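Please put together the full structure from these sequences, using the hints given.
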Amino acid sequence: MAAEVELERVTKFYGTFKAVDDVSLIIKKGTFVSVLGASGAGKSTVLRMIGGFEFPDYGTLRIAGRDITMLPPYKRDVNTVFQNYALFPHMTVAENVAYGLRQDGIGTDERKKRVRDALSMVEMLPFAERKPNQLSGGQQQRIALARALVKRPSVLLLDEPLGALDRKLRQQMQVELKLLQSQLGLTFIFVTHDQEEALAMSDSIAVMRNGRVEQLGGPTELYDTPATAFVAGAIGTQNFISGRRLGNDLMMQSDDGAVFQVGRAAPGLAAGVRVLGAVRPENVALARAEPLSVPNRLLARVTASVMLGDTLEFLLTFKDGKEFISRIPRRNAEVPNPGTEVWAYWAPESLNLYPFEDLQVNTNAVRKDGN
Amino acid sequence: MRLGKTETDVTSSIPIQRTRNRFLPRWAMAWPALGWWLVFFVIPLAWIVVYSFGAKPAPGMQGPVSLSQLSFDNYTSALSDIFFRVFVITMKTAGIGTILCAIVGFPVAYALALHVPARWRTLLVFLLILPYWTSFLLRTFAWRIILAPQGTFSHALEYLGVITQPLAILDTNTAVQLGIIYNYLPVMILPMYVSLDRIDGSLLRASMDLGAGPFRTFWQVTLPLAAPGILGGLLLTFILAAGDYVVPTILGGTKGLMVGNLVATQILSAQNLPLGAAMAVLLIILLALVIAVAGLAIFTVSRSLKLMRGAAL
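Chains B and Z, in that order, give the protein sequences.
First residue of the first sequence? That's 1 in our numbering, and the numbers climb one at a time after it.
First residue of the second sequence? That's 1 in our numbering, and the numbers climb one at a time after it.
Please keep in mind that the hints were generated in silico from the structure rather than gathered at the bench.
There could be a bad hint or two in this list.
One side of the interface only, derived from the structure: several residues of chain Z facing chain B at Cβ under 7 Å [what the hints assert, rightly or not]:
1) Leu203
2) Met208
3) Asp209
4) Leu210
5) Ala212
6) Pro224
7) Leu225
8) Ala294
9) Gly295
10) Lys306
11) Gly310
12) Leu313
Incomplete in silico selection of chain Z near chain B, CB under 8 Å [as the list claims (entries may be wrong)]:
13) Glu158
14) Arg198
15) Ser202
16) Arg205
17) Ala206
18) Gly211
19) Gly213
20) Val221
21) Ala312
Distance condition first, Cα-Cα at most 25 Å in a straight line; then the derived BS3-like pairs of lysine-lysine [to be verified]:
22) Lys306(Z) to Lys131(B)
23) Lys306(Z) to Lys113(B)
24) Lys112(B) to Lys306(Z)
Just so we're clear, the structure is a prediction, and the values are computed from it rather than from any experiment.
C-beta: ideal position from N, C-alpha, C; glycine also.
This is the structure:
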């Protein structure tokens with residue numbers, strides 16, 4: 001049955017590199033939790049420690065309240081779907097799925113029944129006698145899933161299992177994985193660098209950065225009220241404006257002097273400090289005439305427009321060279337040609353303030369230094 | 001639950017477009033290798049087979065072999081007691097040598113592939129083949145110094161009390177056995193190392209993840225995946241050792257004979273090329289038989305182990 005996973009002040013070094021830095025995390029039983037982060041953020045290390053392939057230098061890991069910190073992988077009630085599937089090439093599909101049951105000494109009749117059930121669950125029963133190299137990536141993925149689930153673990157670990165699939169198949173598998181998880185009621189821990197994937201599938205998401213968990217929360221919470229500028233930029237897209245908070249008000253002044261009204265300031269943000277203002281592209285509207293009734297507006301030049309299917313994305317450049325992105329539903333959009341001048345404006349509620357931090361590496365929106 | 005239809009799975013169904021040259025067949029590129037193989041392997045071997053049916057030329061005749069009358073006479077005289085005795089000794093020496101090479105070599109290959117840090121591997125593999133940079137003859141000859149009754153090794157063993165009399169293994173089968181193991185150890189280690197090195201580490205992790213301890217993982221994953229390299233190493237070592245004639249010549253004296261010596265004696269000393277050729281052909285046939293029997297035994301064992309495990313589905 002599903003179990004709760006708990007990490008308590010876990011730290012892991014590789015040589016002198018701190019891969020995981022004092023992470024505490026409680027993953028509730030029966031939930032689908034994603035660990036989201038860029039490469040090197042420590043997400044895979046966290047997964048490997050839960051799986052038993054790495055041991056933490058400090059801290060404790062518990063599954064269903066039991067300390068498993070130093071237990072080898074074969075003594076844990078956890079199974080993993082590996083990034084490259086790791087199917088045994090010298091065994092048939094059926095042998096691969098039966099492997100875990102053989103190790104547990106499950107009787108022949110039950111073993112065969114469970115292998116059959118697991119293979120039909122992923123609709124791969126007709127392929128039972130094939131070798132893994134005779135299967136496509138998506139099919140191998142299903143076998144890897146069946147092989148891990150046939151042991152009925154209380155926790156299933158998934159290490160970027162959809163990374164090698166093409167986009168359409170990936171979206172299909174996302175839905176199937178999510179359905180499977182809610183039907184089996186198991187705890188799924190899903191490592192990914194794809195924020196869309198994390199948003200689509202998870203009950204909650206742990207955003208990791210430099211070995212630390214930056215924020216743990218549900219998809220809506222992370223999208224609407226990110227705790228830091230990093231999380232704001234990591235989930236969805238943001239336009240960032242660097243500047244200073246005006247006193248203790250919900251106001252900011254950007255580096256080039258423009259004053260904006262703000263909807264929300266991150267908790268604990270002091271008066272007058274350097275801040276990053278963030279506004280999402282879908283909240284930035286465009287107008288030819290100056291929208292005098294809106295307090296947050298800037299004159300910009302359209303540098304490029306990109307067609308995204310149901311939306312249009314405009315790349316804007318301000319006089320000082322800063323760039324901004326605006327995303328508008330297509331049916332509402334009148335299409336300004338590249339080179340024309342427009343007013344970009346957004347409502348105060350959509351501008352949030354975060355403590356200033358260096359996001360150069362992590363943001364694809366506005367460069368904060370403006371040169 | 002039902003997962004979506006597998007028909008939508010298109011990741012592997014895109015055929016690779018290949019442009020083909022109308023005028024040159026695809027195997028044209030293989031001609032240099034095929035030609036080499038034909039000229040330097042197939043034709044000489046065919047001549048050996050033809051020679052084996054000939055006769056020693058009468059005094060005053062031209063050429064090494066008289067082919068005017070073909071007969072099985074050489075085979076009848078080759079299949080003597082001495083040939084079989086030496087053949088059995090050869091199989092024993094090569095067989096024991098191969099097994100001991102495997103016993104010593106496998107842990108080396110295993111440690112090298114799976115436990116030595118990657119940055120040391122190249123250096124260690126290099127050190128492994130370094131002795132091959134000196135002459136085979138010279139290296140084998142050096143063993144005469146080591147194994148000599150008055151040599152350092154003998155003195156050391158006497159000093160340690162392992163033996164009471166000077167070491168008397170030089171010019172015997174024991175010395176040949178040692179020389180064979182020494183010379184063919186790298187031939188065993190390298191293919192083993194290559195096959196072990198190619199095993200994806202995530203497969204071993206997957207095995208542990210599915211509940212198999214290190215010992216079971218070794219038997220069920222590592223060993224089967226390394227099997228081609230292990231079998232290749234066994235075969236290569238056995239064939240090379242069985243056909244060796246340098247080691248018994250240098251270290252075996254008159255007692256440590258192998259079939260290679262018999263063939264060489266007929267061709268070089270007795271000037272009887274047809275008889276030597278017949279012995280060489282017999283060696284090839286008997287070796288093939290021995291290897292076929294060994295292969296069948298391995299196949300039977302692995303098949304019955306599989307049957308004992310029972311079907312997965």
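Hints that the structure is at odds with (numbers, increasing): 8, 9, 10, 13 and 14
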